[in-house]
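Colleague: Residue numbers (my numbering), protein chains in the order written: chain E, 1 to 394; chain B, 1 to 224; chain F, 1 to 583.
Think of the hints as simulated: they come from the structure by calculation, not from any bench.
Computed from a predicted model, the values in this text were never measured in an experiment.
Careful: at least some of the hints might be erroneous.
Unchecked claim - Restraint-style ranges between C-beta atoms, simulated for each label pair:
id : chain 1 : residue 1 : chain 2 : residue 2 : range
1  : E       : Lys80     : B       : Ile220    : 40 to 50 Å
2  : B       : Ala198    : F       : Glu469    : 51 to 61 Å
3  : F       : Val131    : B       : Pro211    : 36 to 46 Å
4  : E       : Val44     : F       : Arg433    : 36 to 46 Å
5  : B       : Pro211    : E       : Ala254    : 47 to 57 Å
6  : F       : Lys557    : B       : Pro16     : 23 to 33 Å
7  : F       : Lys557    : B       : Ala198    : 57 to 67 Å
8  : F       : Val131    : E       : Arg249    : 50 to 60 Å
9  : F       : Arg433    : B       : Leu163    : 57 to 67 Å
10 : F       : Ala472    : E       : Ile62     : 20 to 30 Å
11 : E       : Glu327    : B       : Gln135    : 46 to 56 Å
12 : E       : Val44     : F       : Trp300    : 24 to 34 Å
13 : B       : Pro211    : E       : Ser90     : 51 to 61 Å
14 : F       : Val131    : E       : Gly339    : 41 to 51 Å
To be verified - 25 Å max Cα-Cα, derived BS3-like pairs, lysine-lysine:
id : chain 1 : residue 1 : chain 2 : residue 2
15 : E       : Lys33     : E       : Lys245
16 : B       : Lys10     : F       : Lys557
17 : B       : Lys10     : E       : Lys80
18 : B       : Lys10     : E       : Lys79
We put the beta carbon where it would ideally sit given N, CA and C, even for glycine.
If you want the building blocks of each chain, they are given just below.
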Amino acid sequence: MVLAVALILVTVASVLFHFLSPWWFTPLASNWKLIDDTILITLVITGGVFVAVNLFIAWALIRYRHRPGRRATYEPENKKLEGWLTIGTSLGIIAMLAPGLYVYTQMIRVPEDAIVVEAVGQQWQWRFRLPGEDGRLGRTGAAFVSLDNPLGLDPDDPDGHDDLIVPGPDLVLPLDRPVLVLLRAHDVLHNFYVPQFRVKMDLVPGLVSRFWFTPTATGRFEILCAELCGVGHWNMRGHVEVVDKSAYREWRAALPTFGAVLAAAADDGLDEAARRGRELARERGCLACHTLDGAAGIGPTWQGLYGAERPLADGRSVRADADYLAEAIRDPNATLVAGFPAIMPRVDLSEAEVDALVAFIRSLGAPTAEAQGADPMPPGDAPAANEAAHGAPR
Amino acid sequence: MNLFATLADKPWLAQPAPPPDEAARRMPAARVGVLWLLASLTALFSLFAVAFLIRAQLPDWEALAGGAGRPLASLAPLWVNTAWLATASVTLQAASLFARRGRSGALRAALAAGALSALAFLAGQALVWQQLIAQGHFIATNPSASFFYLLTALHGAHLAGGLVAWVHVARRAWRPAADARLALGVALCALYWHFLLAVWLFVFALLAAEPATLVWLAEICGLR
Amino acid sequence: MTHDADTHHEPSSFWTRYVWSQDHKVIAIQYTLTAIAIGLVGLVLSNLMRLQLGFPGRFDFIDAAAYYQYVTMHGMIMVIYLLTALLLGGFGNYLIPLMVGARDMVFPYLNMLSFWVYLLAVLVLVASFFVPGGPTGAGWTLYPPQAILPGTPGTDWGIVLMLASLVIFIVAATMGGLNYVTTVLQARTRGMTLMRMPLTVWGIFTASVLALLAFPALFVAGMMMLLDKLAGTSFFMPAIVSMGRELGHEGGSPLLFQHLFWFFGHPEVYIVALPAFGIVSDLISTHARKNIFGYRMMVWAIVAIGGLSFVVWAHHMYVSGMNPYFGYFFATTTLIIAVPTAIKVYNWVLTLWRGNIHLTVPMLFAIGFICSFVLGGITGLFLGNVSVDIPLSDTYFVVAHFHMVMGVAPILAIFGGIYHWYPKVTGRMLDERLGRLHFWVTFLGTYAIYFPMHYLGFLGMPRRYYSFEDYAFIPDSAQDLNAFITVCALVVAAFQFLFLFNLVWSAFRGKPAESNPWGATTLEWQTPETPPRHGNWGEALPVVHRWAYDYSVPGAKRDFIPQTEPHEGAPPGTDEALAEARP
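Okay, chain E solo, but in the shape it has when bound:
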């Protein structure tokens, strides 16, 4: 009895929850209304079954509960009833599968006029590349990846020289134009997911995966990584900004080509130790957690760190001078900057290597008068411009 009432209440509460809850689809910003529709079809059919089964159980519990003298009916099977139920279920399944596969056909058929964007994932940041005037993306390879060439383009492939490199984890897309996103990963699996666009796809090292959509609303949308990719998975941030055509054209025109990035890198103005430190920072994985551009990371950014006063987790504060930095590299979790987890591993480094790293961090902290070159981002939105300017503050 109590159970019957409980089942009825659970069913009613679930239905009410569905209609009253504030949690529902994030407002759609792409062409994939069809996906939402198939979800709704599935929800109606399955929701009906859910309510029917639960209410039937509740009714049976009341109607056929044990009472003295009661005896159950003996009926081993009822072919007709089972047959009808099987047919009904099959029809329900078809009613869900058919629209599902119809929509899926649309999802894997990329429109011919789609613009191409490449998204590259690495622990734990997003980068983007657009084909240049030739409309072709240049070859890439893991062996080419370096601090100056984080996307791993083959410098000897002429197709790649006019490719446009997006500085930073923010992509801009034009409104109402189909976009084919090609996905690559350098290290582990990632997944490019913007809830408002509905579609998502894994980035798999060793192959190029793809999906397409048409943005249908302007605005700034968050990119999430939806495939576990290590301790920084939850914090692999990026944005897609959807703008009108002219704004997009402007943004695109301001992007540096790969050729220009390479040329700028050759002339970086770093001294010997700092340059060595920069290479070390890449090789030893420092840059997975410490950004060079002021953006939030797993660890504190190195931009403007040198000589700055920083609050510690234990309430004290410390001046990040050469001695402190060297100590913090050698014994990472002895002192913790407030707001950061104690997850930095102890890296085996020689004295000279520590000095080189400190020199590099110093080079990021000393303000220079140099302008940043082609920087399309609005102020306050720091780009990961380490290709061109190593994040020298503006």
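Given chain E's structure and the hints, the job is docking chains B and F onto it.
Modeller: The following block gives chains B and F in isolation, referenced to the frame of chain E:
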């Protein structure tokens, strides 16, 4: 026993009383157990084969055989090993025959010969490993080499496991007292050996296949 | 090979009786207690995760690395070391010989070995908590390359111990599985035809077959990843730049691992589900005093689900980057598998229909199972249908779905089974009031945890996130819901200790049980002693004359007829008798 007829039974209806010797007419449990083990191992090696075929389609694959300088440029040593394993299989089949006929002297000889040939096979495989290492083909040199080491090691481990079962059976065979279950034990040993011979031939064929054959295999399996 | 009574010497010393025991009942208890013990670790880990999700930053010992380690170990422990081990090693071991009328498993020594190897697997797993770097944090799916690269916790020792433990577990599961399958096929007593077997045996039998054929895939994947980690091979490792360093791998395929993993992983779902289906079928039939509705259809459905479970695996991979055309095939097969599954649900519900329902504690859990399973099952229709899955995959919708369908539902079936068979195992009843309290908190609590969670998935909240700070599309109210879910999870977890207390207390102080307290027809309730002695059946094996579901047979004196009772005269259950009985 027809499975479909069985599944169509209406068990709630009264059925004729079961024959009293029902249990005795069944296949021995040990044989059924071994057959299921072989089914599981078939799944294991088939999955390895599928993994092998998929991996072999990727660009960095270098076929093991077919050409000088390749790790398996000469297949002769592996053919010798194959002969040893086939001998083991044949002698154990003979042992099974002798066990059924109660010829204990011949049984012991055949059992011993079977085990010795199996050991010779294992030694031969180890020798091939040594040669490969000496030629600089290590486990991580190329995925084809990785598969070679992995599959031969796994096959060898299963053969070694078979030798443990062999010891179990042989202890009974050397006991003077008559043993009703001995013939079954020897028969199952032989069955396991035949299976491992079949697995080896399959693995050998995969490992020694020409690149074109692998492509063709992958195509008919729908992996390309 | 049946066992002659004389080959079964009753072991005399404490050690041979309770430790190195070859008796299936003792091994079942060893399996069960070990599984519950490691399951408690999994439960605590889930609560630690929930603490972080409900109250982010409040518990500063839970950093991101620790969080991912909890996620991983919780998942692996619950799926493999608790559910698989408990349902096959625990229930399978205890029930198969008793229900088919055998004296023991056909290979008792192998059976004992199976438990000890399982225990070794558990110990290796637990050891990974104490090695430098801690256990692996790669997620229970252990996807390479991430699982063996820096940037993930536990890539030095944790992942190696994890893979080693899995390989050991597979050896144990194979030894067990061979026993269960062979015992069912070869050791049934006289008259116990396949179609007279209780559905519990059918479920465990089919699950064991699946285990024998599916675990090899995990073995293959595990071995290859171990070599990638330890020997530098490139089975799954393509060219990679990890943390700025080029690793020297080339050409490997991360997708190959995923295919192998899910070729194991999806049958694994049914390895857990099928025994639960069987148990629930028998509980419902017994406590509703009614034959299971459509027994044949139930058997066919179990077999069909078992077969189909091998051709649906890539529905876990719709967004993996695999060939998109696979989506058509796997969406179709996956939705087809819903038909036999739905039939099972209908037949449980139709068994209640026109029954004589006793709401005992096992029955409460069985009905709780149906409700949870229906919710988990229908959400599976979302995720199996490729275009619906794509927006929902890797969100909390998935978390809610699989917890409902293969976490909560099987565990409710397990609880129901334990309340049902405990009197046979110990000779005492579990305390009923504690049992009811346990049911209500567990059933309503888990519903309150997972039902709203689907809506976080609709919203688009990704799973496996340590924290959701500063994500603009997530409203603050979602955080309140997370806090609510955490509180529910803590309460549900706390009440499981009540169950443990009941388990221990009732073993000594519980009400003594009759030999057949529920009035059940199946063989295990017809043993000469309760608990059954070594060898189960005294002098002579039972002879079976009827199926397992002769409840409320028209004309019979009692409302159940044990399987051992011969038919008299005009057998009841013939078409004539049925015609009379119909209202």
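Colleague: Taking the hints in turn, state whether each one holds.
Modeller: Consistency of the hints with the structure:
no.	hint	result
1	E:Lys80 - B:Ile220: 40 to 50 Å	45 Å, holds
2	B:Ala198 - F:Glu469: 51 to 61 Å	59 Å, holds
3	F:Val131 - B:Pro211: 36 to 46 Å	42 Å, holds
4	E:Val44 - F:Arg433: 36 to 46 Å	41 Å, holds
5	B:Pro211 - E:Ala254: 47 to 57 Å	49 Å, holds
6	F:Lys557 - B:Pro16: 23 to 33 Å	25 Å, holds
7	F:Lys557 - B:Ala198: 57 to 67 Å	59 Å, holds
8	F:Val131 - E:Arg249: 50 to 60 Å	56 Å, holds
9	F:Arg433 - B:Leu163: 57 to 67 Å	58 Å, holds
10	F:Ala472 - E:Ile62: 20 to 30 Å	48 Å, violated
11	E:Glu327 - B:Gln135: 46 to 56 Å	50 Å, holds
12	E:Val44 - F:Trp300: 24 to 34 Å	29 Å, holds
13	B:Pro211 - E:Ser90: 51 to 61 Å	46 Å, violated
14	F:Val131 - E:Gly339: 41 to 51 Å	29 Å, violated
15	E:Lys33 - E:Lys245	22 Å, holds
16	B:Lys10 - F:Lys557	23 Å, holds
17	B:Lys10 - E:Lys80	16 Å, holds
18	B:Lys10 - E:Lys79	12 Å, holds
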